[in-house]
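K.L.:
Line order of the protein sequences matches chains A and B. Residue 244 in full-length UniProt numbering sits at position 244 of the first sequence, and the numbers go up by one each step. Residue 182 in full-length UniProt numbering sits at position 182 of the second sequence, and the numbers go up by one each step.
Derived from the structure by calculation, the hints contain no laboratory data. Any given hint could turn out to be false.
Pairs count within a copy or across copies, as identical chains cannot be separated in the list.
As the list claims (entries may be wrong) - With a cut-off of at most 25 Å between alpha-carbon atoms, the simulated DMTMM-like pairs for lysine to aspartate or glutamate come out as follows:
1) Lys226 with Asp163
2) Lys226 with Asp370
3) Lys100 with Asp199
4) Lys159 with Glu222
5) Lys226 with Glu313
6) Lys314 with Glu262
7) Lys159 with Glu328
8) Lys159 with Glu262
9) Lys226 with Asp48
10) Lys314 with Glu101
11) Lys226 with Asp74
12) Lys159 with Asp10
13) Lys159 with Glu336
14) Lys314 with Glu91
15) Lys159 with Glu11
All of these numbers come straight from a predicted model, not from anything done at the bench.
Protein chains: 2
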Amino acid sequence: MRVELLCTGDELVTGLITDTNSTFLEARLFDLGVKVNRVVVVGDVRPDITHALLSAASRADVVVVCGGLGPTADDFTLECAAAAAGVPLEEDAGVLGCLKERYAARGMSTDLNPGQLRMARIPRGSEPVRNPVGSAPLVILTLGGCRLFFLPGVPREFKALLDGEVLPRIRTWLEAEPGRTHRAFRLLRTVGMGESVLDQQVMPLAPSHPRVVFGFRTHAPENHLKLMADAPSQAEADAALAAAEAECRRVLGTSVYGADGEEYAPVLLDLLGRAKATLSAAESCTGGLISQQLTAVPGASNVFMGGAVVYTEKMKTAWVGVPPEVLERHTAVSRETAIAMAEGVRAACGTTYGLSVTGYAGPGGGTPEDPVGTVYCALAGAGMSTRCERLTLTGGRDLVRLFAASHTLEMLRQHLLAAAVTP
Amino acid sequence: MRVELLCTGDELVTGLITDTNSTFLEARLFDLGVKVNRVVVVGDVRPDITHALLSAASRADVVVVCGGLGPTADDFTLECAAAAAGVPLEEDAGVLGCLKERYAARGMSTDLNPGQLRMARIPRGSEPVRNPVGSAPLVILTLGGCRLFFLPGVPREFKALLDGEVLPRIRTWLEAEPGRTHRAFRLLRTVGMGESVLDQQVMPLAPSHPRVVFGFRTHAPENHLKLMADAPSQAEADAALAAAEAECRRVLGTSVYGADGEEYAPVLLDLLGRAKATLSAAESCTGGLISQQLTAVPGASNVFMGGAVVYTEKMKTAWVGVPPEVLERHTAVSRETAIAMAEGVRAACGTTYGLSVTGYAGPGGGTPEDPVGTVYCALAGAGMSTRCERLTLTGGRDLVRLFAASHTLEMLRQHLLAAAVTP
């Protein structure tokens with residue numbers, strides 16, 4: 001099934017709002033095994049909308065159209081639909097009744113103004129469907145062999161009509177398609193591995209999995225591998241996916257921290273929880289990013305006890321006990337300071353593990369030996385010697401901080417995984 | 001000038017990521033007086049990309065193409081461009097040199113792998129422009145009367161090349177167009193004011209400014225007012241904008257923290273710097289969000305001394321000196337604890353001001369008197385009595401944390417503004 005989306009509205013082509021309706025619909029359709037073929041966004045310009053409707057209908061089996069159904073002067077998508085279909089607009093008694101009922105229920109006048117009346121005018125031969133959460137109805141129109149669904153652009157109404165009316169119809173049609181393609185998906189989320197390394201590790205596997213498409217996306221500091229299997233039956237698609245996933249996981253090892261919707265911080269907190277361990281963090285250059293990422297997760301307080309953002313030497317000593325002589329001798333950005341911070345925050349908070357990070361995030365700072373982008377991160381824990389790593393990061397302050405936080409957390413995750421394997 | 005955008009990538013048509021590059025570009029072009037005519041999004045399908053390139057080029061003067069320039073197997077936008085133009089791909093010595101230089105600077109091998117080599121292959125007759133923040137270059141190709149710009153999809157690289165290379169060229173072409181419309185813009189950034197309140201305050205002013213369009217956008221926890229003036233000359237557009245802006249600023253007062261590209265944290269740090277004041281923060285429910293937002297700004301270390309993420313009662317006492325009897329008597333989420341945290345962190349760090357925030361971010365926690373969403377925030381400072389406010393927030397953990405951090409910082413900004421007026 002070929003599906004296209006058409007979104008209309010000046011606000012979408014002038015940068016005022018980002019089109020999130022498309023993302024929502026694409027994800028829903030993808031779950032049904034349908035990859036949207038094309039999304040077109042045009043402003044409130046009649047000939048552009050009419051042309052886009054005709055050309056989408058000429059290519060696709062289903063076109064979902066979003067926006068331009070409301071009562072204001074710039075709402076004329078159904079006019080364009082009527083023009084594209086060569087039919088007039090006609091007032092629909094059922095729609096009119098629903099509108100009046102809706103206004104009456106809100107204590108508003110049922111003597112509709114011209115804008116409100118326009119919402120009841122739909123192309124001859126089209127089918128209106130009541131909108132449970134708004135005024136403008138869903139309108140379904142057939143043009144040649146293509147079915148067009150017209151939905152309001154307000155995200156709440158768009159989603160309600162999509163889930164309640166549009167997707168059930170599409171699902172029924174899909175199930176009736178002879179020889180339809182069945183799909184299965186897996187997103188493998190990796191961290192600590194560059195996109196080109198990921199590609200090199202994984203792409204040699206692709207030829208042995210002809211039913212599976214390998215895709216990549218960068219979501220700094222992570223890189224994700226997307227596997228999409230395609231087969232004439234669901235069982236075959238699932239089996240093809242499982243085989244490809246197993247091989248990818250084998251080559252990627254512990255770089256894969258999670259799959260599909262799993263996110264990094266909850267995964268790490270869950271590992272800590274299962275190890276009955278607690279955590280604290282002392283941050284300099286990341287300035288609270290580690291604490292913030294962990295505490296964004298509900299229930300983080302069961303595991304994460306405290307974080308010290310120690311932006312000055314004084315606070316490094318006061319809060320996490322870095323000896324002044326270490327700071328004087330080795331400076332605040334050094335292996336020795338990172339180690340003292342990790343051990344110190346662990347002792348102060350009485351946690352199983354302590355993490356630390358100190359470095360030059362830039363743009364200012366740095367020394368000839370430790371230029372901007374140099375970061376030391378350390379992990380201290382019960383029954384282990386404190387580990388420290390030196391990183392050389394690039395990409396500006398935001399990325400240095402992001403990768404520094406990620407690498408520091410990753411030291412802990414890798415330690416927990418190793419400890420779980422060899423108790 | 002007719003401008004179209006073409007975004008490519010399976011991740012964009014399967015709901016994995018929302019296309020924010022388009023929003024960014026549309027807003028930038030609109031600032032230049034150009035409304036984008038059409039945005040097309042297609043997946044990683046060669047014939048779809050080639051067809052979309054040809055049809056966009058047949059309609060538009062400028063097409064900006066985004067995505068598919070990287071080193072992985074699903075990056076083939078330039079192949080499609082070459083097919084559309086009927087020319088071969090050729091290795092470009094300049095691009096190759098830049099790539100090797102970039103990898104060498106990162107201590108990586110300059111013996112490029114096949115994926116990396118593909119980034120140096122561009123359509124014959126096209127012009128490559130160095131990417132200052134990434135590997136894949138900007139490529140400019142002329143097709144008939146249309147100029148096509150090919151940019152990487154990674155937002156950071158997309159934005160850098162757009163601002164540095166693409167928009168200056170478009171601006172030059174626009175300035176050469178006869179009889180064009182002149183535009184002037186102002187984005188007024190407000191905080192602490194809901195969208196409907198902003199709308200009610202400002203919309204009564206609109207009828208007296210017929211040349212100016214008033215628009216709103218919500219960017220939690222902020223709300224922005226966008227003023228767009230349209231006139232036959234730049235001087236008239238500037239004057240119309242200035243008049244509307246002055247009136248809006250008058251009704252909005254200190255809710256406006258900045259204009260255009262100004263962001264909240266730098267504005268606040270700048271106010272602190274000008275007052276020769278320093279700051280520390282003790283956070284419970286926001287978990288480091290305040291520290292993180294402030295330290296994301298280069299030079300924050302001149303003003304921000306330290307932040308304590310005190311997720312346990314023990315750390316509230318150890319790091320910011322909250323007396324155990326206060327915690328026992330009033331609990332960790334109380335006016336008394338917030339005040340003790342603000343005063344305590346200020347004393348510990350020796351700063352001019354101390355901020356604190358404690359509350360129930362949810363979804364768990366809360367009491368009948370202080371349910372989830374209840375937040376206490378406090379400001380302590382030299383020569384002032386400590387202030388504390390109680391908030392009742394809704395919208396889930398993320399939004400509660402976001403608004404709690406914003407409100408806490410806003411207590412300080414309003415205090416600094418008042419202090420600057422009445423010294």
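K.L.:
Does the structure break any of the earlier hints, and which numbers would those be?
P.N.:
Numbers 2, 5, 6, 7, 10, 13 and 14, in rising order.
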